[in-house]
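Now for the letters of each chain:
Protein chains: 2
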Amino acid sequence: MSELDRLYSELTLPTSSKLVLLVLDGLGDLAMKSEGFLTPLEAAHTPHLDELTQESSQGRIYPVAPGITPGSGPGHLALFGYDPLEYRVGRGVIEALGLGLDLQSGDLAARANFCTLDPTGIVTDRRAGRIETAECQRLCRLLTEGIGTVDDVEIIVQAGEGHRFVTIFRGAGLEGPLNDADPHREGLAIPEAKPINPGSEKANHAAAIVAKFYERALSLIEREAPANGLLLRGITTQPALPLFPDRYALRAACLAIYPMYKGLAQLVGMTKIEGLRSVTDQFERYRRLRDEFDFFFIHHKSTDKHGEDGDFQQKKAAIEEVDEALPLLLEDRPEVLAITGDHSTPCALRGHSWHPQPLLLHSPCSGSDKLDRFNETSANLGSLGVFEAKYLLRLMQANARMFDKYGA
Amino acid sequence: MSELDRLYSELTLPTSSKLVLLVLDGLGDLAMKSEGFLTPLEAAHTPHLDELTQESSQGRIYPVAPGITPGSGPGHLALFGYDPLEYRVGRGVIEALGLGLDLQSGDLAARANFCTLDPTGIVTDRRAGRIETAECQRLCRLLTEGIGTVDDVEIIVQAGEGHRFVTIFRGAGLEGPLNDADPHREGLAIPEAKPINPGSEKANHAAAIVAKFYERALSLIEREAPANGLLLRGITTQPALPLFPDRYALRAACLAIYPMYKGLAQLVGMTKIEGLRSVTDQFERYRRLRDEFDFFFIHHKSTDKHGEDGDFQQKKAAIEEVDEALPLLLEDRPEVLAITGDHSTPCALRGHSWHPQPLLLHSPCSGSDKLDRFNETSANLGSLGVFEAKYLLRLMQANARMFDKYGA
Numbered sequence: 044m045s046e047l048d049r050l051y052s053e054l055t056l057p058t059s060s061k062l063v064l065l066v067l068d069g070l071g072d073l074a075m076k077s078e079g080f081l082t083p084l085e086a087a088h089t090p091h092l093d094e095l096t097q098e099s100s101q102g103r104i105y106p107v108a109p110g111i112t113p114g115s116g117p118g119h120l121a122l123f124g125y126d127p128l129e130y131r132v133g134r135g136v137i138e139a140l141g142l143g144l145d146l147q148s149g150d151l152a153a154r155a156n157f158c159t160l161d162p163t164g165i166v167t168d169r170r171a172g173r174i175e176t177a178e179c180q181r182l183c184r185l186l187t188e189g190i191g192t193v194d195d196v197e198i199i200v201q202a203g204e205g206h207r208f209v210t211i212f213r214g215a216g217l218e219g220p221l222n223d224a225d226p227h228r229e230g231l232a233i234p235e236a237k238p239i240n241p242g243s244e245k246a247n248h249a250a251a252i253v254a255k256f257y258e259r260a261l262s263l264i265e266r267e268a269p270a271n272g273l274l275l276r277g278i279t280t281q282p283a284l285p286l287f288p289d290r291y292a293l294r295a296a297c298l299a300i301y302p303m304y305k306g307l308a309q310l311v312g313m314t315k316i317e318g319l320r321s322v323t324d325q326f327e328r329y330r331r332l333r334d335e336f337d338f339f340f341i342h343h344k345s346t347d348k349h350g351e352d353g354d355f356q357q358k359k360a361a362i363e364e365v366d367e368a369l370p371l372l373l374e375d376r377p378e379v380l381a382i383t384g385d386h387s388t389p390c391a392l393r394g395h396s397w398h399p400q401p402l403l404l405h406s407p408c409s410g411s412d413k414l415d416r417f418n419e420t421s422a423n424l425g426s427l428g429v430f431e432a433k434y435l436l437r438l439m440q441a442n443a444r445m446f447d448k449y450g451a
Numbered sequence: 044m045s046e047l048d049r050l051y052s053e054l055t056l057p058t059s060s061k062l063v064l065l066v067l068d069g070l071g072d073l074a075m076k077s078e079g080f081l082t083p084l085e086a087a088h089t090p091h092l093d094e095l096t097q098e099s100s101q102g103r104i105y106p107v108a109p110g111i112t113p114g115s116g117p118g119h120l121a122l123f124g125y126d127p128l129e130y131r132v133g134r135g136v137i138e139a140l141g142l143g144l145d146l147q148s149g150d151l152a153a154r155a156n157f158c159t160l161d162p163t164g165i166v167t168d169r170r171a172g173r174i175e176t177a178e179c180q181r182l183c184r185l186l187t188e189g190i191g192t193v194d195d196v197e198i199i200v201q202a203g204e205g206h207r208f209v210t211i212f213r214g215a216g217l218e219g220p221l222n223d224a225d226p227h228r229e230g231l232a233i234p235e236a237k238p239i240n241p242g243s244e245k246a247n248h249a250a251a252i253v254a255k256f257y258e259r260a261l262s263l264i265e266r267e268a269p270a271n272g273l274l275l276r277g278i279t280t281q282p283a284l285p286l287f288p289d290r291y292a293l294r295a296a297c298l299a300i301y302p303m304y305k306g307l308a309q310l311v312g313m314t315k316i317e318g319l320r321s322v323t324d325q326f327e328r329y330r331r332l333r334d335e336f337d338f339f340f341i342h343h344k345s346t347d348k349h350g351e352d353g354d355f356q357q358k359k360a361a362i363e364e365v366d367e368a369l370p371l372l373l374e375d376r377p378e379v380l381a382i383t384g385d386h387s388t389p390c391a392l393r394g395h396s397w398h399p400q401p402l403l404l405h406s407p408c409s410g411s412d413k414l415d416r417f418n419e420t421s422a423n424l425g426s427l428g429v430f431e432a433k434y435l436l437r438l439m440q441a442n443a444r445m446f447d448k449y450g451a
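Protein sequences, first through last, are from chains A and B.
If you're matching positions, the first sequence starts at 44 in the numbering used here and goes up one per residue.
If you're matching positions, the second sequence starts at 44 in the numbering used here and goes up one per residue.
Think of the hints as simulated: they come from the structure by calculation, not from any bench.
Fair warning: there could be bad hints in the mix.
Treat identical chains as interchangeable: a pair holds within one or across any two.
[What the hints assert, rightly or not] Here are the simulated lysine to any residue pairs, SDA-like style, with alpha carbons at most 20 Å apart:
| id | residue 1 | residue 2 |
| --- | --- | --- |
| 1 | K255 | P226 |
| 2 | K315 | S411 |
| 3 | K413 | S426 |
| 4 | K448 | V107 |
| 5 | K413 | L424 |
| 6 | K413 | N423 |
Produce the entire structure from the sequences given, and follow the hints as far as they go.
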């Protein structure tokens, strides 16, 4: 814990306020000439956001540090107030939690997906043509039943969405992190998963187990098509994170739909709320759960997905979908509402980026930046300036009047 | 190396992009009532910059830390991505390198210039009426031949431009840094060069050698006019810096005209390109060298010089000179172009200052801040916010897509 975190803790007061962090995944974008110098957020019709903006402050936040493009893990850890350089989480761990797998201490977890290999072992499609979930489930059963254990290590293979799955290695004396068994682009062979710290005996043992697993798994699916190979990433053991309710004195609920975000929220001690399918669901559930929790993390995925597809119109529509549902949330208005992304996913880049995401912060004491709209260009002019995402949660707490005065 | 630098290194990918850092020395200025509340950059006619601005981002960078006015050394080190608080370089070392002197390990180097003393030893003109280079050369020969060695320490005196020269003390057991033998303003006597860390035996030895050198040098020129005295500054031994090509995976060329900037670039491992006399030369040479290097540092001095003279019109003209030549650079447009200063040199202050300098960053993924012009006021509205100069190079790398994603 940093010195500053210790100070925040010392100053923390209880609150009866409700705090909502509404994350539009990959919200930030770039104004490009090809789109008339508008971002999807600027082009979107957002009457409810516009109205909210009248009594809000704005700013921009960068996820990690200048120029650093985060994955969803560091992006969300930062939004949850954890320094993403201090606290690192492997994607395998997050994904395993998100699939509802009950990780045990010492488990080595890896995010995995099926891929296509040519006869020489070169990866020709990293996503095996994005096979259906049912096919993925069939292949995962094949691996589970066909392998069982490697030496004394139990192998758990759990299908996710589409071509994605999770592998857990459960046994004594394993330790991550290992390098990805993933070339990260097509045209290369699958590299071996080697210990990142080669001095660790447990990590070397883990690498040996993973290598044996690979041998047996590949022979089990070698005649399948198109999914005749597999990639493992983020091969790590579960880290211990300070828990959200202790750290912030807030009972926290996760209203996410996608597994990874649920997993990440659970890792910091939020309560996962199940059975949500749309932003309307999420806002309604918030209203029903207001008495049980103080903090609500609401995650909207499709902004990011359309950004990754480079689909400007769909990203704009995904924003408008949230705007349309917004009155539901505002009917039982949380005292503190932050709306932002976990990173930018500019359509022009078709992927995550380092560009600071826009932030809107609304509370009875946010004041007004007197801006007409909430978007990247307005956010550049806001009173919050450009700052590191890890401070947002502290700002939300301050807006909930959760901090006593520092010094006399 | 900081934890964050290690992360940047880990994430670094190779690039085929060309990156240009165009430094208009001392570019930043202040909007004063006396000049109709315009800065030289705001008053300048800059049609090419204006056009570039349409597809660029802007921000402001402070060279070191709030309120810190840097010399050219820290100002440039920060632009080169080196924390100017972590990496310190004496001006003597830079100047010596810039004059083409081949510094040896353990050499103590000092930046020097002739000055005018009154009969009581008070400095009446810190630049000795800005004597001609030929006169400086004559006096330097006088010192070299007249002194030779002090105890066992070889004395090398090398003339620079105008009243400026460099002194190198070459011998065993010397160590810097020493305080400047320069009162930094007129009306005072020359102070003694004392060790900054008085506990160092080598530094005490160095101080004793410098004191003996002073005695002999002053007696050699006491009958000269107006240059009858000398000042030593930045008396240091050469530090080891991580080299630019290793640190950033970029082959770097220095297209500077003035010795000090060449020296500084050479110190971090850039290749000095010789024979440049104008900004047109510099841009043309960039075009010729595109295949040999990835990164080009182009330095334009006169903005700073006119700022130091308080000459608003000439500083404005110096900016317009760059703008006029800009199409040459843009014809073979680098993928990433950053235009900024190493610090502000406001005409009203007639010297370097701490005010953040404006920054323009242009790349295929800079997006647009939808600003009409590039200047201090526009830069205040930009998406890059206000940040420390040491991050600019990392942002340039990000814009060249040189960083892999951090975490999953």
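| said: Flag every earlier hint the structure violates by its number, smallest first. | reply: 2
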